[in-house]
Amino acid sequence: MKHELPFIPQRPAKPRKSGITMVMDKGLSIRAAEDFMSVGSEYTDMVKMGFGTSLLTPGFERKLEIYREAGCMPYFGGTLFEAFVIRKMFREYVELLDKYKVELVEVSDGSYEMDHKRKLEYIRILASRGIVISEVGSKKKDVVYSPAEWVLMMKSELAAGSLKVIAEARESGTIGIYNEDGSVNMALIETISDHVSLENVIWEAPLKSQQAWFIRHFGANVNLGNIAPEEIIPLESLRRGLRGDTFFQFLPDDIDESK
Amino acid sequence: MKHELPFIPQRPAKPRKSGITMVMDKGLSIRAAEDFMSVGSEYTDMVKMGFGTSLLTPGFERKLEIYREAGCMPYFGGTLFEAFVIRKMFREYVELLDKYKVELVEVSDGSYEMDHKRKLEYIRILASRGIVISEVGSKKKDVVYSPAEWVLMMKSELAAGSLKVIAEARESGTIGIYNEDGSVNMALIETISDHVSLENVIWEAPLKSQQAWFIRHFGANVNLGNIAPEEIIPLESLRRGLRGDTFFQFLPDDIDESK
Amino acid sequence: MKHELPFIPQRPAKPRKSGITMVMDKGLSIRAAEDFMSVGSEYTDMVKMGFGTSLLTPGFERKLEIYREAGCMPYFGGTLFEAFVIRKMFREYVELLDKYKVELVEVSDGSYEMDHKRKLEYIRILASRGIVISEVGSKKKDVVYSPAEWVLMMKSELAAGSLKVIAEARESGTIGIYNEDGSVNMALIETISDHVSLENVIWEAPLKSQQAWFIRHFGANVNLGNIAPEEIIPLESLRRGLRGDTFFQFLPDDIDESK
Numbered sequence: 001m002k003h004e005l006p007f008i009p010q011r012p013a014k015p016r017k018s019g020i021t022m023v024m025d026k027g028l029s030i031r032a033a034e035d036f037m038s039v040g041s042e043y044t045d046m047v048k049m050g051f052g053t054s055l056l057t058p059g060f061e062r063k064l065e066i067y068r069e070a071g072c073m074p075y076f077g078g079t080l081f082e083a084f085v086i087r088k089m090f091r092e093y094v095e096l097l098d099k100y101k102v103e104l105v106e107v108s109d110g111s112y113e114m115d116h117k118r119k120l121e122y123i124r125i126l127a128s129r130g131i132v133i134s135e136v137g138s139k140k141k142d143v144v145y146s147p148a149e150w151v152l153m154m155k156s157e158l159a160a161g162s163l164k165v166i167a168e169a170r171e172s173g174t175i176g177i178y179n180e181d182g183s184v185n186m187a188l189i190e191t192i193s194d195h196v197s198l199e200n201v202i203w204e205a206p207l208k209s210q211q212a213w214f215i216r217h218f219g220a221n222v223n224l225g226n227i228a229p230e231e232i233i234p235l236e237s238l239r240r241g242l243r244g245d246t247f248f249q250f251l252p253d254d255i256d257e258s259k
Numbered sequence: 001m002k003h004e005l006p007f008i009p010q011r012p013a014k015p016r017k018s019g020i021t022m023v024m025d026k027g028l029s030i031r032a033a034e035d036f037m038s039v040g041s042e043y044t045d046m047v048k049m050g051f052g053t054s055l056l057t058p059g060f061e062r063k064l065e066i067y068r069e070a071g072c073m074p075y076f077g078g079t080l081f082e083a084f085v086i087r088k089m090f091r092e093y094v095e096l097l098d099k100y101k102v103e104l105v106e107v108s109d110g111s112y113e114m115d116h117k118r119k120l121e122y123i124r125i126l127a128s129r130g131i132v133i134s135e136v137g138s139k140k141k142d143v144v145y146s147p148a149e150w151v152l153m154m155k156s157e158l159a160a161g162s163l164k165v166i167a168e169a170r171e172s173g174t175i176g177i178y179n180e181d182g183s184v185n186m187a188l189i190e191t192i193s194d195h196v197s198l199e200n201v202i203w204e205a206p207l208k209s210q211q212a213w214f215i216r217h218f219g220a221n222v223n224l225g226n227i228a229p230e231e232i233i234p235l236e237s238l239r240r241g242l243r244g245d246t247f248f249q250f251l252p253d254d255i256d257e258s259k
Numbered sequence: 001m002k003h004e005l006p007f008i009p010q011r012p013a014k015p016r017k018s019g020i021t022m023v024m025d026k027g028l029s030i031r032a033a034e035d036f037m038s039v040g041s042e043y044t045d046m047v048k049m050g051f052g053t054s055l056l057t058p059g060f061e062r063k064l065e066i067y068r069e070a071g072c073m074p075y076f077g078g079t080l081f082e083a084f085v086i087r088k089m090f091r092e093y094v095e096l097l098d099k100y101k102v103e104l105v106e107v108s109d110g111s112y113e114m115d116h117k118r119k120l121e122y123i124r125i126l127a128s129r130g131i132v133i134s135e136v137g138s139k140k141k142d143v144v145y146s147p148a149e150w151v152l153m154m155k156s157e158l159a160a161g162s163l164k165v166i167a168e169a170r171e172s173g174t175i176g177i178y179n180e181d182g183s184v185n186m187a188l189i190e191t192i193s194d195h196v197s198l199e200n201v202i203w204e205a206p207l208k209s210q211q212a213w214f215i216r217h218f219g220a221n222v223n224l225g226n227i228a229p230e231e232i233i234p235l236e237s238l239r240r241g242l243r244g245d246t247f248f249q250f251l252p253d254d255i256d257e258s259k
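Residue numbers (this note's numbering), protein chains in the order written: chain L, 1 to 259; chain E, 1 to 259; chain Y, 1 to 259.
Same shape as in the complex, but just chain L (with noise of 0.2 angstroms):
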């Protein structure tokens, strides 16, 4: 209905280059894939077709299509990408890319921890090729990178063509950028914060308690990932202030004096 309240955030239009969501799609049926975007293709920038699930979903050159009519980008899970590199067989995921003209690629090393040179020159070759994003930090409970790595590895990767950096979380969220529990690790992220710019970071925030953190700690226009396609809504609503979690985030101070 689109009924304007004064103090909501406003949102940049598509395509915007911050307040990105980056949804998973886990194998949703064509149906499915439709009935998201007719909520959702507003609010949402990219779809990831989470790890090797594009290999086993019916139907999924066609899903390809309902998300990029609907605006969204389309994309294979890094671990898809992992999964050829490890097998030597990075031209072939290249030819997959090119036969279904995937145009956004995800390079990632959380799985298969490769040397970083050679994840840098993945970046640089397909960069050549499309859209590069590439993904920081392990999938692996004993992987444990420091802050100063992280913003190096980050930095590393957008200097050889990523568009923006991921902060892995992984579906769950108890991982990377978190504490197992799924709270925020604080000292990383105002680290990173620090020395990337927020523009060039998708973190990943697939529990609510996360996505109000960062748009609580960095504002309506943070980007966010691995959210679920049910939960686009609702997180629009937190973006914009209008759930309980993020109520007084973008209102005047002195508007509260009316008590």
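Quick caveat, the hints were computed from the structure, so don't treat them as lab data. Possibly wrong hints are sitting among the right ones.
Any copy, or any two copies together, can satisfy a pair, since identical chains are not distinguished.
[Stated by the list, open to error] Cross-link-like lysine-lysine pairs, in silico, PhoX-like; alpha carbons within 20 angstroms at most:
id	residue 1	residue 2
1	K88	K99
2	K140	K14
3	K208	K140
Note that the structure is a prediction, hence the values are computed from the model and not measured.
Position chains E and Y against the provided structure of chain L, taking the given hints into account.
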């Protein structure tokens, strides 16, 4: 299939005064709303378009029609009421309700703590226009009311014109009438039920363990709210004793002799 | 798209004896069941209409057809069997199965603890009519069987005519073969797998961590149950090593040399 089993609790037909189920729609697509009604219309009394989602969900007007045509009462989340009131736009909120012919309205103060007299005044005004339900309890951890305060607020809001009062739990079920781990605050609930007629209270109970507790404690026809659309059939199974958690609830005491 | 990658485990074609996936439908609409089959029919063997939901879901008969037409076997949850048996209506339950031409039937005693000889008798009678799967393990926290008892019950039920035995975990995955926090009771599972053929056991594994554990432990073609419909593609990704949790599971030992 409606195969009749003995000792399955009967549920009153709609429109009913007890055994009410209020479902939270957080941004369903048109087709998903139709799907939900195709299985859930008989078991659902009220559909809340949660918090401020209505302002952001394309096709929202069509959804109002779908719910009405299926015999359910749609309404806006209380957070939307609060978002207008804190902006001194109560009149505009009433205009919005009128524009979309939304008869049922929720009055709450979960995010914006207003003076309780003022809340009662809003209830009085809106009760002269349509049906009011009002929510008691804060969405914030640091705002804790005593059981006596809960009772007092509920009684005064019913006296002011609320058809039912809603006991707050949020979508997560970890606040208000619940402890932080989602377990039930029994002392609070027993004080409330000692002093307020059960027919007049809707307990927000998003988690299955909470739904089962209320059904075991107060019977099949306790009023429950903040049910997810996909949980409408599982909840109805709990109400009828057709799920493990309430399996023995509605059987005669002597049936187990056959063992 | 079915792009072939080397070292991706093969899965037997349907109808299959191992690598079975049993999905729990808790009240899907007709359209949602169609959507589920449109992506999941190849990967799904059995669809359980969970607990007593069949009695309460409008359009239930049409759903049976949808599942059958897609090559999956639909059946009623074991709680429904128990709800009839505790009311001394076993004969009526068989009539119900016949009326709806439901060939597959689950015999369980998770809610209603019946004498085990009686359970075996039900298995024998129903095995003469169609296909029986029987569930071992209680839904109640205070009923704990020793590993030897699990083995004995499973063996005797298979001997009585069960095609497969199901190891209980509930929808929540926090009981039976799991500890209260959802972690796997390894000693129990190893005792079972030492004495009962893996082909004959379906492990209820609603949580991803549980699914990944079984696939790492017993391989891609372990039988798993109580999978949510929207998790069918993510589960298949785990089975194929196309998700972080099982990424290295099906690779040759020497592939990592390339690092």
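Results of checking the hints against the structure:
1. K88 - K99: within (19 angstroms within a copy, 56 angstroms between copies)
2. K140 - K14: neither (34 angstroms within a copy, 34 angstroms between copies)
3. K208 - K140: between (23 angstroms within a copy, 15 angstroms between copies)
Checked against the numbered hints given earlier, the structure breaks only hint 2 and satisfies all the rest.
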